[in-house]
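Protein chains: 4
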Amino acid sequence: MPTLKISPPLKMRAAQIKVLLMDVDGTMTDGGVTLLSQPDGGALEIKTFDAHDGQGLTLAATAGLRTGCITGRESPALLRRAKEMKMEFVYMKQPVKMPAYEEIVRKAGVTDPAVAYIGDDLPDIPLMRRVGLAIAVGDSVPEVRKVAHYTTKAMAGHGAVREAVELILKSKGLWGAMIDKARA
Amino acid sequence: MPTLKISPPLKMRAAQIKVLLMDVDGTMTDGGVTLLSQPDGGALEIKTFDAHDGQGLTLAATAGLRTGCITGRESPALLRRAKEMKMEFVYMKQPVKMPAYEEIVRKAGVTDPAVAYIGDDLPDIPLMRRVGLAIAVGDSVPEVRKVAHYTTKAMAGHGAVREAVELILKSKGLWGAMIDKARA
Amino acid sequence: MPTLKISPPLKMRAAQIKVLLMDVDGTMTDGGVTLLSQPDGGALEIKTFDAHDGQGLTLAATAGLRTGCITGRESPALLRRAKEMKMEFVYMKQPVKMPAYEEIVRKAGVTDPAVAYIGDDLPDIPLMRRVGLAIAVGDSVPEVRKVAHYTTKAMAGHGAVREAVELILKSKGLWGAMIDKARA
Amino acid sequence: MPTLKISPPLKMRAAQIKVLLMDVDGTMTDGGVTLLSQPDGGALEIKTFDAHDGQGLTLAATAGLRTGCITGRESPALLRRAKEMKMEFVYMKQPVKMPAYEEIVRKAGVTDPAVAYIGDDLPDIPLMRRVGLAIAVGDSVPEVRKVAHYTTKAMAGHGAVREAVELILKSKGLWGAMIDKARA
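One line per chain: the protein sequences are F, V, D and E, in this order. First residue of the first sequence: 0, per numbering that gives the first Met the number 0; consecutive thereafter. First residue of the second sequence: 0, per numbering that gives the first Met the number 0; consecutive thereafter. First residue of the third sequence: 0, per numbering that gives the first Met the number 0; consecutive thereafter. First residue of the fourth sequence: 0, per numbering that gives the first Met the number 0; consecutive thereafter.
These aren't lab readings, by the way, just hints derived from the structure by calculation. Please note that the accuracy of each hint is not assured.
If chains are identical, the list can't say which one is meant, so a pair holds when it fits in one copy or spans any two.
[Claimed, not checked] Derived PhoX-like pairs (lysine-lysine); straight-line CA-CA distance at most 25 Å: (1) Lys152 with Lys17; (2) Lys152 with Lys169; (3) Lys92 with Lys171; (4) Lys92 with Lys180; (5) Lys145 with Lys180; (6) Lys169 with Lys92; (7) Lys85 with Lys180; (8) Lys180 with Lys106; (9) Lys106 with Lys152; (10) Lys85 with Lys145; (11) Lys145 with Lys106; (12) Lys4 with Lys145; (13) Lys4 with Lys85; (14) Lys82 with Lys145; (15) Lys92 with Lys10; (16) Lys82 with Lys10; (17) Lys82 with Lys4; (18) Lys180 with Lys17; (19) Lys92 with Lys152; (20) Lys4 with Lys106; (21) Lys82 with Lys92; (22) Lys92 with Lys4.
Everything numeric in this text was worked out from a predicted model, so none of it was measured.
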């Protein structure tokens with residue numbers, strides 16, 4: 000991971016963020032959709048998250064940033080990981096993401112400029128057009144990068160979410176103090 | 000993912016496609032054949048698909064393109080994923096692929112020029128010699144690339160199928176309208 | 000996969016091979032040792048093989064080449080995959096590999112110059128010093144590359160075994176005829 | 000894997016090491032946190048270790064180096080792998096790592112200069128500031144690389160631990176003798 004550089008206009012956007020939302024597959028994971036065949040003909044879902052992303056999200060929570068995810072899929076694996084990372088909002092089975100977004104904004108009592116969203120593919124675009132800080136992961140599709148205020152150097156499932164957290168906490172001047180508060 | 004460029008002769012081939020077929024291992028996946036050892040001495044198959052490919056295939060179905068796969072292996076994991084991606088034709092346990100191909104073409108009521116096939120290895124070559132649009136994934140073997148009309152920039156299991164879908168829908172002038180129809 | 004180039008002295012060695020043996024972890028796989036935690040405190044082994052390698056080994060068997068593996072670990076996953084690839088010799092739980100090697104050579108009725116061995120790490124070195132054709136995978140340790148007659152361009156678990164098979168079958172003038180015999 | 004070069008001051012530090020400790024996720028693994036969804040809504044942890052790292056750690060034990068790990072997570076998969084690699088110290092569920100470190104140092108009867116520690120993220124920093132030889136994996140965060148005496152060329156889960164073992168055993172002049180003692 001290289002050291003992060005933040006332009007002044009980006010810093011202004013990032014400093015206002017109170018809620019950090021994100022997609023799951025291809026954003027919190029590398030996009031792999033992994034299924035374990037079962038003897039009865041069914042299949043169980045396996046998800047691979049990233050340890051650096053997890054450390055970032057836990058620090059975000061410690062720093063007072065509220066976090067959440069909105070995804071079209073559903074799995075106990077995501078629920079467990081979201082809990083480990085102290086995520087407050089978890090919306091699964093959302094083929095269209097806007098209703099979940101609006102419910103989160105209402106519950107959190109914030110407006111669009113206080114929300115950041117990290118995404119990688121077409122269903123993320125409507126939210127990215129609304130939020131104060133739209134972040135595309137490094138390996139997102141061109142249409143998503145086009146609407147993003149920032150594209151991470153890191154790839155999805157390999158530090159993209161961590162980079163987004165650092166971008167926000169550094170813009171708020173909170174990252175330095177967080178280093179000593181990191182827990183394994 | 001870089002933006003796709005399509006040459007005029009390729010566009011002519013792609014614009015005629017009504018059915019998009021593909022291999023599974025090394026085409027819809029990165030070629031990993033993953034087995035989970037069981038206490039009774041058996042093993043269960045794990046398959047890793049790609050979220051971007053899945054989004055592409057779902058959009059293809061929405062756009063009216065019929066899709067399917069022909070593979071030598073068999074697994075509940077593939078069946079579940081094929082259903083999620085609204086695949087119409089799923090042929091498993093096909094050591095030789097031509098009979099399945101001919102059955103699909105007959106059922107779909109199309110001729111060879113209306114079919115595209117994506118492959119990566121030797122058993123895919125006979126089909127690739129027949130279809131209107133033969134696509135090799137970026138990491139296919141040299142013999143396959145030699146018979147392909149197009150080789151994807153993306154690697155198998157990392158967007159190769161998505162790139163093929165975009166190639167076809169853009170050649171038909173349908174991609175732009177699909178962006179707003181994407182569902183997570 | 001690039002097209003393979005074979006030097007005349009290498010071709011002489013490879014043309015004599017009747018038995019192709021190999022290590023498993025870091026040779027037939029990418030070196031990942033994957034364990035699934037069980038509720039009872041135990042763990043089940045997951046192994047990821049490569050589809051291109053599998054196609055190569057199946058073609059090797061079709062071409063009359065006898066194949067096998069010698070490994071320190073043990074898993075039902077390997078047993079199933081070895082069967083799928085028509086491997087004749089499977090020796091598991093072999094911390095020292097020479098006894099298994101000598102048993103295979105005796106059973107197969109061949110001498111060292113007719114055997115090829117593919118390896119990646121220190122325990123493979125004694126066998127690689129004996130066989131007629133010692134092959135190191137692309138990401139093997141320096142000590143292994145030093146004793147190898149050939150180092151594959153491909154990495155372990157990503158075509159290294161396939162490259163070894165092609166090297167042998169092409170040196171024997173058998174590869175071209177095999178292409179049409181490939182089965183999925 | 001390239002051949003390792005060791006500077007004289009680094010060699011002095013490494014030659015004194017008697018105990019080699021390390022983090023797990025992002026150090027012994029590539030940082031992937033993999034969860035298998037269960038039908039009852041729970042999730043089981045899957046961990047992927049590296050065969051080259053394992054060979055290195057087993058050789059370290061053979062050479063008389065004592066090894067161990069300290070991690071915030073907990074899994075039967077890690078316990079099994081640690082046993083396979085003859086690890087003496089395994090401390091799981093340690094959100095803060097210093098107490099475990101101090102207990103290990105006391106049990107082993109050594110002082111800080113005789114301990115090496117390999118890490119990748121913020122919770123590893125306090126230990127890396129104390130030990131005689133602090134090693135950062137190749138893909139560790141910038142804050143960790145800053146406090147390390149050595150950063151591995153290899154990435155975590157792909158030989159970083161092996162490189163650390165070689166660094167220590169070569170500095171002690173023990174590596175050459177170990178090559179023939181390697182067991183699969």
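How the hints compare with the structure:
Within a single copy, Lys152 and Lys17 get their C-alpha atoms as close as 23 Å, which meets the 25 Å cut-off; across copies the closest is 38 Å, which misses it. With identical chains, the CA atoms of Lys152 and Lys169 are at most 25 Å apart within one copy only, with a shortest distance of 16 Å there and 28 Å across copies. Neither within a single protomer nor between protomers do Lys92 and Lys171 lie at most 25 Å apart by alpha-carbon distance, with minima of 33 Å and 31 Å respectively. For a Cα distance limit of 25 Å, the shortest separation of Lys92 from Lys180 across copies, 17 Å, qualifies, whereas the shortest one inside one copy, 34 Å, does not.
Proximity of Lys145 to Lys180 under the C-alpha cut-off of 25 Å is restricted to the inter-copy arrangement: shortest distance 18 Å between copies versus 36 Å within a copy. In this assembly of identical chains, the alpha carbons of Lys169 and Lys92 never lie at most 25 Å apart, being 33 Å within a copy and 29 Å across copies at closest. Taking identical chains as interchangeable, the C-alpha atoms of Lys85 and Lys180 lie at most 25 Å apart only when both belong to the same chain, with a minimum of 15 Å there against 32 Å between chains. For the identical chains of this complex, Lys180 and Lys106 are neighbours neither inside a copy (28 Å) nor across copies (28 Å), given an alpha-carbon limit of 25 Å.
In this assembly of identical chains, Lys106 and Lys152 lie within 25 Å of each other by CA distance neither inside one copy nor across copies; the values are 32 Å within and 43 Å between. Taking the shortest Cα distances, Lys85 and Lys145 never come within 25 Å of each other, neither inside one copy (31 Å) nor across copies (28 Å). In this assembly of identical chains, Lys145 and Lys106 lie within 25 Å of each other by CA distance neither inside one copy nor across copies; the values are 29 Å within and 41 Å between. For the identical chains of this complex, Lys4 and Lys145 are neighbours both inside a copy (20 Å) and across copies (17 Å), given an alpha-carbon limit of 25 Å.
Proximity of Lys4 to Lys85 under the C-alpha cut-off of 25 Å is found in neither arrangement, the shortest distances being 27 Å within a copy and 43 Å between copies. In the homo-oligomer, the alpha carbons of Lys82 and Lys145 never lie at most 25 Å apart, since the shortest distance is 32 Å inside one protomer and 31 Å across protomers. Proximity of Lys92 to Lys10 under the C-alpha cut-off of 25 Å is found in neither arrangement, the shortest distances being 33 Å within a copy and 36 Å between copies. In this assembly of identical chains, the alpha carbons of Lys82 and Lys10 never lie at most 25 Å apart, being 29 Å within a copy and 44 Å across copies at closest.
With identical chains, the CA atoms of Lys82 and Lys4 are never at most 25 Å apart, being 30 Å at best within one copy and 43 Å at best between copies. With identical chains, the CA atoms of Lys180 and Lys17 are at most 25 Å apart within one copy only, with a shortest distance of 19 Å there and 30 Å across copies. For a Cα distance limit of 25 Å, the shortest separation of Lys92 from Lys152 qualifies neither inside one copy, at 29 Å, nor across copies, at 31 Å. Taking the shortest Cα distances, Lys4 and Lys106 never come within 25 Å of each other, neither inside one copy (33 Å) nor across copies (44 Å).
For the identical chains of this complex, Lys82 and Lys92 are neighbours both inside a copy (18 Å) and across copies (16 Å), given an alpha-carbon limit of 25 Å. In this homomeric assembly, Lys92 and Lys4 never come within 25 Å of each other (Cα to Cα): the closest approach is 36 Å inside a single copy and 34 Å across copies.
Comparing the model with each earlier hint shows violations of hints 3, 6, 8, 9, 10, 11, 13, 14, 15, 16, 17, 19, 20, 22; every other hint is respected.
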